[in-house]
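2 protein chains.
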Amino acid sequence: MRKPGMPLILLLVGVSCILASDSVQTNSSEKEDKFPLTLSRGWGDDLYWIQTYEEALYRSKTTNKPLMIIHHLEDCPHSQALKKVFSENNEIQKLAEQFVMINFIYETPDKHLYPDGQYVPRILFVDPSLTVRADITGRYSNRLYAYEPSDINLLISNMKKALKMLKPEL
Amino acid sequence: MRKPGMPLILLLVGVSCILASDSVQTNSSEKEDKFPLTLSRGWGDDLYWIQTYEEALYRSKTTNKPLMIIHHLEDCPHSQALKKVFSENNEIQKLAEQFVMINFIYETPDKHLYPDGQYVPRILFVDPSLTVRADITGRYSNRLYAYEPSDINLLISNMKKALKMLKPEL
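Here the protein sequences come in this chain order: A and B.
Residue 23 is where the first sequence starts when you use this note's numbering, and the numbers rise one by one after that.
Residue 23 is where the second sequence starts when you use this note's numbering, and the numbers rise one by one after that.
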């Protein structure tokens, strides 16, 4: 018997890949396709991508630009689909220039970067005050920071929201 | 008066750049030259380069390959000169395939990675047991982990030394 009021978290969304999944085999020609490895990893070759989390935090703080962190996996079809839309959308690419950009295919030890789990694709914003903008979410209640390709306009609006910095409380 | 036996550390070597130096101006065409940014940053485009320190440590431990960490700066002429020799030397590039490779233009918070200071270029090896091989040094007493282009054979011999793993003490 189910207790009254007990929430049913059964909504299954398409945006879920297990981190470090190796379910999709790489083919033999992939080495040639992938090299040299880029810091953009296909999310926008004309953007300036930061390598390390520490540098990203430092740059956000010192340049007063918000930080946009994309967690993804190269063999995750949901990540791939979002990446295609993201990299081909001019408004997104233009907006991204106003951010310190970093993308990870590997989790960092900072638990603030997985407030509701280590799934991909997952997009988080960090204010230059180094506060994670946990309030800027997508539309899936069980994976708050996930986006599908069809959510691109919500992502654009969330990027604009992130550009409005947090004000310190008086 | 100098105390007897007090070591004179006055040897000045050419391999020293201050981290985050901006003494060399970038020219206007550099944006076009640099993009897309690569993880190799010119140290070997055919090698598999890791992005984050955490992933590098994980991969070293799980694959039982030693980790080779190169700290450098893109506007440091000593780093550039070493990179040219490193990337064009077939023996180095072949040896590098037996390592987990990472290069940083930004310091990590792990103080084990700067046993004698934060200079560049600086090359450190980490054993798959996650022990920094502080014993594998170059030939400059004041910057133990620095190499000049003319030290390439010493670097090759040090890579071979790093491939001989540490054995746990019985």
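Simulated from the structure, these hints should not be mistaken for lab results.
Do not take every clue at face value.
For identical chains, the list gives no copy identity; a pair is met inside one copy or between any two copies.
In silico DSS-like pairs for lysine-lysine, Cα to Cα no more than 27 Å straight-line [claimed, not checked]: (1) Lys56 - Lys189; (2) Lys56 - Lys186; (3) Lys56 - Lys133; (4) Lys83 - Lys56; (5) Lys87 - Lys56; (6) Lys83 - Lys106; (7) Lys106 - Lys189; (8) Lys116 - Lys83; (9) Lys183 - Lys116; (10) Lys133 - Lys116; (11) Lys56 - Lys183; (12) Lys56 - Lys116.
Cross-check of the supplied hints:
Neither within a single protomer nor between protomers do Lys56 and Lys189 lie at most 27 Å apart by alpha-carbon distance, with minima of 42 Å and 36 Å respectively. For the homomeric pair Lys56 and Lys186, neither the shortest alpha-carbon distance inside one copy (36 Å) nor that between copies (30 Å) is at most 27 Å. Taking the shortest alpha-carbon separations for Lys56 and Lys133, neither the intra-copy value of 30 Å nor the inter-copy value of 33 Å comes in at or below 27 Å. Proximity of Lys83 to Lys56 under the C-alpha cut-off of 27 Å is restricted to the inter-copy arrangement: shortest distance 24 Å between copies versus 33 Å within a copy.
Only between protomers do Lys87 and Lys56 lie at most 27 Å apart by alpha-carbon distance; the minimum there is 22 Å, versus 30 Å within a single protomer. Taking identical chains as interchangeable, the C-alpha atoms of Lys83 and Lys106 are never at most 27 Å apart, the minima being 29 Å within one chain and 34 Å between chains. For a Cα distance limit of 27 Å, the shortest separation of Lys106 from Lys189 qualifies neither inside one copy, at 34 Å, nor across copies, at 47 Å. For the homomeric pair Lys116 and Lys83, the shortest alpha-carbon distance inside one copy (21 Å) is at most 27 Å, but the shortest distance between copies (40 Å) is not.
Taking CA atoms no more than 27 Å apart as the test, Lys183 paired with Lys116 passes inside one copy only; the shortest distance there is 15 Å, against 48 Å between copies. Proximity of Lys133 to Lys116 under the C-alpha cut-off of 27 Å is found in neither arrangement, the shortest distances being 29 Å within a copy and 37 Å between copies. Taking the shortest Cα distances, Lys56 and Lys183 never come within 27 Å of each other, neither inside one copy (34 Å) nor across copies (30 Å). Taking the shortest alpha-carbon separations for Lys56 and Lys116, both the intra-copy value of 25 Å and the inter-copy value of 19 Å come in at or below 27 Å.
Taken one by one, the earlier hints fail for this structure at numbers 1, 2, 3, 6, 7, 10 and 11, listed in ascending order.
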